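Engineer: In the order they appear, the protein sequences are chains H and A.
Position one of the first sequence corresponds to residue 78 (the numbering used here), numbered consecutively onward.
Position one of the second sequence corresponds to residue 28 (the numbering used here), numbered consecutively onward.
None of these hints come from the bench; they were simulated from the model.
Please note that the accuracy of each hint is not assured.
To be verified - Chain A stretches covered by chain H per the calculated footprint, using a threshold of three residues with CB under 8 Å from any CB of chain H:
{"id": "1", "region": "199-207"}
{"id": "2", "region": "231-244"}
{"id": "3", "region": "262-269"}
{"id": "4", "region": "315-328"}
What the hints assert, rightly or not - Here are the computed lysine-lysine pairs in the DSSO-like style, where the Cα-Cα straight-line distance is at most 27 Å:
{"id": "5", "chain 1": "A", "residue 1": "129", "chain 2": "H", "residue 2": "117"}
{"id": "6", "chain 1": "A", "residue 1": "286", "chain 2": "A", "residue 2": "50"}
{"id": "7", "chain 1": "H", "residue 1": "244", "chain 2": "A", "residue 2": "326"}
{"id": "8", "chain 1": "H", "residue 1": "183", "chain 2": "H", "residue 2": "214"}
{"id": "9", "chain 1": "H", "residue 1": "214", "chain 2": "H", "residue 2": "244"}
{"id": "10", "chain 1": "A", "residue 1": "326", "chain 2": "A", "residue 2": "286"}
Every value quoted in this text rests on a predicted model; they were computed, and no experiment measured them.
We put the CB at the ideal spot given by N, CA and C, even for glycine.
Letter by letter, the chains look like this.
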Amino acid sequence: MPTDTPPAGSAAAVETAGDVVLRAQGLTKHFPLRGLARGKAVHAVDGVDLELTRGSVVALVGESGSGKSTIAKLLSLLIHRTSGDIRLSDKSVDGRGRRAFRRHSKRVQMIFQDPFGSLNPIHTIRYTLTRSVRIHKGNLRGDKLEAALEELLARVQLTPVDRYIDKFPHELSGGQRQRVAIARALAADPDVLLADEPISMLDVSIRLGILNLLKTLRDDMHVAILYITHDIASARYFADRTMVMYAGQIVEQGPSEDITQTPAHPYTRLLIDSAPDPDAPARTERSTSGEAPSLVSPPPGCRFAARCPFANDLCRSETPDLFNVPGDDRAARCWGYSDRDNKPDVSGVAKSVKETI
Amino acid sequence: MTTTAPALTNATLQAADPILEIKNLSVDYGFGDDPTHVLQDVSLTLNRGEVLGLAGESGCGKSTLAYGATRLLPPPGVIRGGEVIFTGRDGVKTDILTLNDKDLRTARWRDFAIVFQGAMNSLNPVHRVGTQLIDAIKAHGKTATKQEARDRAAYVLEMVGINADRLKAYPHQLSGGMRQRVMIAMALVLEPELLIMDEPTTALDVVMQRQILEEITDLRDRLGFSVIFITHDVSLLVEVADRIAIMYAGEIVEAADAKDAYLRPRHPYTRGLLNSFPPLRGPRRELQGIPGSPPDMAKLPSGCRFADRCPFVMDRCRTEDPALSRTALKMSEPERLVACHLHDGKASEVPAELAIQAPQK
Ligand SMILES: Nc1ncnc2c1ncn2[C@@H]1O[C@H](COP(=O)(O)OP(=O)(O)OP(=O)(O)O)[C@@H](O)[C@H]1O
Ligand SMILES: Nc1ncnc2c1ncn2[C@@H]1O[C@H](COP(=O)(O)OP(=O)(O)O)[C@@H](O)[C@H]1O
Ligand code: SF4
Ligand code: SF4
Ligand SMILES: [Mg+2]
Ligand SMILES: [Mg+2]
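Produce the complete structure using the sequences and hints provided.
Structural biologist: Okay, structure coming up:
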């Protein structure tokens, strides 16, 4: 699989780094509830706009239950959206029906958190990869198949190839298994990789290896990558842009470096202040406590209001949009950045961050 | 190593007030002719009121050390030798390894409690949280009446920041972070003197992680217990622990004050671990982590176990096993122990990044 000549017919042939491959607009998922709560729904994802461009990484960061995995499943058509649009190379995709799903998953591949669960334990690496190569490339055999397998393993740096190819998943380390899972995804020559917490179950010393590998795929193959994580430091390390999610909505987006160094949204601020920081002076006050609001009937107003130190009456009554934030292509879902007369004063977000830097 | 004194153990350095002294603990996995020696002569001391962090890659023996010292090793784990001296608040010393089963069971709940790795999934899904807490209290005979047990359960739940009305909740109705806090409440319910936590926050997001850590630190300050905190996230340990012990391939390779270990690592492995975490602040740079992976515990190399991955490896490292001892810088840092030939005073030169000096006070 030479990286410079994408398969004929693939939209990749006409797209170069910087082009939008996958775009979601107003993406929404409500999971209907059963039993006593019948008629109600979990608002897992509400009105998310997102763009993945070739050769670049977007990180999706947020606490547990904020809707990150649901977005990845929606984008890969593993579940159906309640409303909104998903466009692949500017064509709307629906994904109902096997053929449409196959066509989509050839170009949009997913990598899961758990490298233990995502590979079938009864099959060798050779079997798993062969299957994937044949699904996406036709019925290769003999030398051609062998060459394809070798190239896949080389691409994820599992060399010498014969040390790994006839092994079973349990004979590999977590990091090696995750590399095999990535190789399997690459067999499709995808334009988009959706990586859902690809390193959070791996050992510290191999996490960087996987991130550096994904970086190489971005730079050499111009893959568009959605990197889902709750570790905002790794988003800074690896992602060009970062989107912060809270309770089903994007609350802040912009270049990763800006977001981590000068967060604009009070929730991003909390996230950054919560990250372990050995250099910080001993903390004296307790950080904000509290939990995300129920997603079953989200309260009116800003979803972060109950935990936000800057919340005022406006915040508790009307839901904020994403407003532009000074800087390069940044936005925050916070009334503080609107031009309302009765907006909250959020200058404290920036100020206290500067003090800690 | 000094020429006059034998290899110093952590125990001899910490004259303070030890609550748990692990001495030369050896643990095997497997009963057959060819067991794997996972721990060999590991020594470590925990002082009263201290939070001791235990860090290292997975498989290096952190859990084995903690469970071995408390005799909670699941089969085929076997303790092959050593002593674990527990000193109660009353000053009475007991060797946990020689207690009979009955005394051990009492000690386990009265004196020490453990939050196991992945504990949040070990709540029974069909029983309410409150019932499980009350059962734990009753099973250990601390409280006489039902009402007392219920009050106590409500009290510990609120102690970990969960409203007592959640006593009625089933585990699936709580978020992951809340389930994890329930497990911590379960461990605290009997006011142990020693709390062992095995990766208690690894699966949680940072906000929840911090909430839990702050709760544990608060409780420690209020109730005065000691903590062994196991994680592979060293940057987290630097914040929560007073002292850190770094493990590699079944051995402790460095033990030091938490800030010292972070700012001035001495062992190449400690430094590698610290460099495996992308920083949130400061300059952004390419990181490489630690190349390679830990050795197979069943086929350990001779000499230093880290030699295959060590950027500073010398000939001597392949044959001589470095002992955990004070460094050549011992005058300025008597509290620190390192197992590396670079620091025994015989190496011609210590690489600058492993020889950073503390500022003069
Ligand atoms: N099949 C489902 N039925 C009902 N609710 C669901 C379903 N899947 C997810 N949810 C809910 O949707 C919300 C978002 O879940 P999601 O898995 O996307 O979170 P996440 O951000 O990936 O969290 P984590 O960091 O824990 O992986 C949660 O409140 C979750 O309980
Ligand atoms: N039940 C077991 N049987 C055999 N070997 C085991 C068992 N549990 C752990 N080990 C081995 O013991 C070593 C240390 O494991 P463990 O203490 O769990 O490490 P850590 O907690 O640091 O990840 C590893 O090499 C591991 O493979
Ligand atoms: S809109 Fe109001 S409550 Fe929401 S984040 Fe901004 S200041 Fe806080
Ligand atoms: S003893 Fe040698 S191989 Fe081992 S850590 Fe020190 S320098 Fe490296
Ligand atoms: Mg998820
Ligand atoms: Mg463990």
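Engineer: Now, for every hint given, state plainly whether the structure supports it.
Structural biologist: The hints, checked one at a time:
| no. | hint | in the structure |
| --- | --- | --- |
| 1 | 199-207 | holds (count 3) |
| 2 | 231-244 | holds (count 9) |
| 3 | 262-269 | holds (count 4) |
| 4 | 315-328 | holds (count 4) |
| 5 | 129/A <-> 117/H | violated, 53 Å |
| 6 | 286/A <-> 50/A | holds, 25 Å |
| 7 | 244/H <-> 326/A | holds, 20 Å |
| 8 | 183/H <-> 214/H | holds, 10 Å |
| 9 | 214/H <-> 244/H | holds, 23 Å |
| 10 | 326/A <-> 286/A | violated, 34 Å |
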